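Heads up, the sequence shown stops at 192 in full-length UniProt numbering, and the numbers go up one at a time, no gaps.
Please keep in mind that the hints were generated in silico from the structure rather than gathered at the bench. Please read all numbers here as calculations on a predicted model, not as lab measurements. For glycine and all other residues, C-beta sits at the position ideal for the given N, C-alpha and C. A hint or two may mislead.
With a straight-line Cα cutoff of 27 Å, these simulated DSSO-like cross-link-like pairs (lysine-lysine) come out [what the hints assert, rightly or not]:
#1 68 - 118
#2 132 - 170
#3 7 - 60
#4 35 - 60
#5 118 - 60
#6 49 - 18
#7 7 - 118
#8 35 - 118
#9 49 - 96
#10 49 - 35
#11 35 - 7
#12 96 - 118
#13 60 - 49
#14 132 - 153
#15 68 - 49
#16 18 - 7
#17 153 - 170
Pairwise CB distance ranges, derived in the manner of DEER restraints [as the list claims (entries may be wrong)]:
#18 132 - 57: 36 to 42 Å
#19 173 - 32: 38 to 44 Å
#20 9 - 123: 50 to 56 Å
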Amino acid sequence: FFLSFPKYTSSVAQRNLKNICQPYLELANSYSTGKISELETFVQTNTEKFEIDNNLGLVKQVVSSMYKRNIQRLTQTYLTLSLQDIANTVQLNSPKEAEMHVLQMIQDGEIYATINQKDGMVRFLEDPEQYKSCEMIEHIDSSIQRVMSLSKKLTAMDELLSSDPLYLAKAGRERQRFDFDDFDPVPQKYLI
Numbered sequence: 001f002f003l004s005f006p007k008y009t010s011s012v013a014q015r016n017l018k019n020i021c022q023p024y025l026e027l028a029n030s031y032s033t034g035k036i037s038e039l040e041t042f043v044q045t046n047t048e049k050f051e052i053d054n055n056l057g058l059v060k061q062v063v064s065s066m067y068k069r070n071i072q073r074l075t076q077t078y079l080t081l082s083l084q085d086i087a088n089t090v091q092l093n094s095p096k097e098a099e100m101h102v103l104q105m106i107q108d109g110e111i112y113a114t115i116n117q118k119d120g121m122v123r124f125l126e127d128p129e130q131y132k133s134c135e136m137i138e139h140i141d142s143s144i145q146r147v148m149s150l151s152k153k154l155t156a157m158d159e160l161l162s163s164d165p166l167y168l169a170k171a172g173r174e175r176q177r178f179d180f181d182d183f184d185p186v187p188q189k190y191l192i
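Sequences are here, hints too, so could you generate the full structure?
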């Protein structure tokens, strides 16, 4: 992961932010490898830092989500897989633990699968939603309406702010301190 700042960010702020963010950037890099053992080792070695920041609970959620992510990857490759194979691939302790994760993911709608208890096999299924039902169309339509409403509010706030004399005076004074390229001289209108 690459961390970049705007041109006008002071070097002191950049240095401090990079130092503060470093464990979190390393956490993101460790997560992106997909290797749970590497991620758990990193979290264990940095537990104290995350506790000091009061973020250990969030970091534990990151570790938990790694199992889910790896199981979701399996659904893209396999149609049927044993619970033992899932446990081995995802680095879980037992087939029972794999079953618990799969059941929870099915319940949460994160994957579509059936588990055959007799032989311990998991059959991955396609998403049954075809996005053709009236309910789904209404849901998508309401989401679009919400986004359009937020866009209009944002545009109105932007126009209000860009015509505020106090803001314009301050922006004019500050413009002299920064590069001209750092500012957008004309407020943008976003059309949806």
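Hints, one by one, checked against the model:
Our distance criterion of 27 Å between C-alpha atoms is met by residue 68 and residue 118, whose separation comes to about 24 Å. Restraint check for residue 132 and residue 170: not satisfied, since their Cα atoms lie roughly 52 Å apart, outside the 27 Å limit. Of the supplied pair hints, the one linking residue 7 and residue 60 is violated, its CA atoms being roughly 35 Å apart against a limit of 27 Å. With a C-alpha separation of about 15 Å, the suggested pairing of residue 35 with residue 60 holds against the 27 Å cut-off.
Restraint check for residue 118 and residue 60: not satisfied, since their Cα atoms lie roughly 33 Å apart, outside the 27 Å limit. For the suggested pair residue 49 and residue 18, the alpha carbons sit about 15 Å apart, so the restraint of at most 27 Å is met. Proposed proximity of residue 7 and residue 118 is contradicted: the alpha carbons are some 62 Å apart, above 27 Å. Only pairs whose Cα atoms come within 27 Å are accepted, and residue 35 paired with residue 118 is rejected, the gap being roughly 30 Å.
As the CA atoms of residue 49 and residue 96 are separated by approximately 33 Å, the hinted pair breaks the 27 Å bound. Between the alpha carbons of residue 49 and residue 35 the distance comes to roughly 21 Å, so the proposed pair stays at or under 27 Å and holds. Note on residue 35 and residue 7: the hinted pairing is violated, with a Cα-Cα distance of about 36 Å set against a maximum of 27 Å. Using a Cα cut-off of 27 Å, the hinted pair residue 96 and residue 118 holds, with the two alpha carbons roughly 13 Å apart.
For a cut-off of 27 Å, the pair hint linking residue 60 to residue 49 stands: about 13 Å separates their Cα positions. Distance restraint check for residue 132 and residue 153: the Cα-Cα separation of roughly 31 Å exceeds the 27 Å cut-off, and the hinted pair is therefore not satisfied. Using a Cα cut-off of 27 Å, the hinted pair residue 68 and residue 49 holds, with the two alpha carbons roughly 25 Å apart. Note on residue 18 and residue 7: the hinted pairing holds, with a Cα-Cα distance of about 15 Å set against a maximum of 27 Å.
For the suggested pair residue 153 and residue 170, the alpha carbons sit about 23 Å apart, so the restraint of at most 27 Å is met. The hinted range of 36 to 42 Å is satisfied by residue 132 and residue 57, whose Cβ atoms lie roughly 40 Å apart. Take residue 173 and residue 32: their Cβ atoms lie about 43 Å apart, and the range 38 to 44 Å holds. Separation of residue 9 from residue 123 is about 52 Å and conforms to the stated range, judged on CB atoms against 50 to 56 Å.
The structure shown violates the earlier hints numbered 2, 3, 5, 7, 8, 9, 11, 14.
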